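J.: Each residue of the sequence shown is one higher than the one before, starting from 3 at the first, in our numbering.
FYI, nobody ran anything at the bench for these hints, they're computed from the structure.
Remember, it's a predicted structure, so these values are computed and weren't measured experimentally.
Ideal Cβ positions, reconstructed from N, Cα and C, are used throughout, including at glycine.
Among these hints, one or two may not hold up.
[Unchecked claim] List time: in silico PhoX-like cross-link candidates among lysine-lysine, alpha-carbon distance up to 20 Å:
hint: 1; residue 1: Lys-124; residue 2: Lys-167
hint: 2; residue 1: Lys-74; residue 2: Lys-134
hint: 3; residue 1: Lys-134; residue 2: Lys-68
hint: 4; residue 1: Lys-167; residue 2: Lys-74
[As the list claims (entries may be wrong)] Per label pair, the in silico range of CB-to-CB distance:
hint: 5; residue 1: Lys-124; residue 2: Val-7; range: 13 to 21 Å
hint: 6; residue 1: Ile-105; residue 2: Ser-166; range: 19 to 27 Å
hint: 7; residue 1: Pro-162; residue 2: Arg-194; range: 35 to 43 Å
hint: 8; residue 1: Pro-133; residue 2: Ser-166; range: 33 to 41 Å
hint: 9; residue 1: Arg-194; residue 2: Pro-129; range: 40 to 48 Å
hint: 10; residue 1: Ser-131; residue 2: Val-86; range: 16 to 24 Å
hint: 11; residue 1: Ile-10; residue 2: Ser-131; range: 25 to 33 Å
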Amino acid sequence: MELTVSTILVAFTGVFLICFMKGAFGGGFSIVGIPLLSFVMDPVTAGGLLAPLFIAMDLFALRYWKPSTWSKPDLVLLLPGLVVGIGLGYLLFRVLDHRAVAIVMAVVTLIFVGLWLVSDPKVIIRPRSTPKAVAAGLASGVTTMVAHSGGPPLAMYLLPLGLSKEVYAGTTSLFFTVGNATKAVPWLLLVRQKPIPSRWAMPALTLSWARLSWMSCLRT
């Protein structure tokens, strides 16, 4: 993969949008990343390039979303399913070829966009549910591993709890900090066999833009 001007511009755009959504909502809306980068590289390569960038963004996010903004009872229920889901997503990658993986990524993205378009904007407050939390964590783990799009399943569980904006964002931020750190190694294992001499140059080029974008988000 050559570092052309179009590749760099598309990467910068994707990172900016992800940083903006992380600054506004604490993360979980990284679904835009792979579709954008897929214009200039294959989806698996895009996923591998984004994985270390998410960790860098999370380090800055944790400086803002303090432990007081974390809903610890929900995280205790969500995180085990998240880790298991990431493992299942990795196994899915191992048994499918790259064309099938690209189709899975596209289907996941389209499903979540469709759900967003048809969903009722009114949120009905519901009590905390252990089975729903486990299912949401598992679904988020699979989809964040497959397409960096674990936000919708998590939102479906957290929004009806009636959390404050700060607690919702902080909980989401920590959830995906754990998820991004967990899935980074599987993603790098997936792309290590690909002949991409510049795959480490891309994160280096976009890291500075990620930092500037994140700092800009915090000031708004």
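J.: Run every hint past the structure and note whether it holds.
T.: Hints, one by one, checked against the model:
no., hint, result
1, Lys-124 / Lys-167, "16 Å, holds"
2, Lys-74 / Lys-134, "16 Å, holds"
3, Lys-134 / Lys-68, "25 Å, violated"
4, Lys-167 / Lys-74, "15 Å, holds"
5, Lys-124 / Val-7: 13 to 21 Å, "45 Å, violated"
6, Ile-105 / Ser-166: 19 to 27 Å, "39 Å, violated"
7, Pro-162 / Arg-194: 35 to 43 Å, "40 Å, holds"
8, Pro-133 / Ser-166: 33 to 41 Å, "24 Å, violated"
9, Arg-194 / Pro-129: 40 to 48 Å, "45 Å, holds"
10, Ser-131 / Val-86: 16 to 24 Å, "18 Å, holds"
11, Ile-10 / Ser-131: 25 to 33 Å, "45 Å, violated"
Of the numbered hints stated above, those contradicted by the structure are hints 3, 5, 6, 8 and 11, listed in ascending order.
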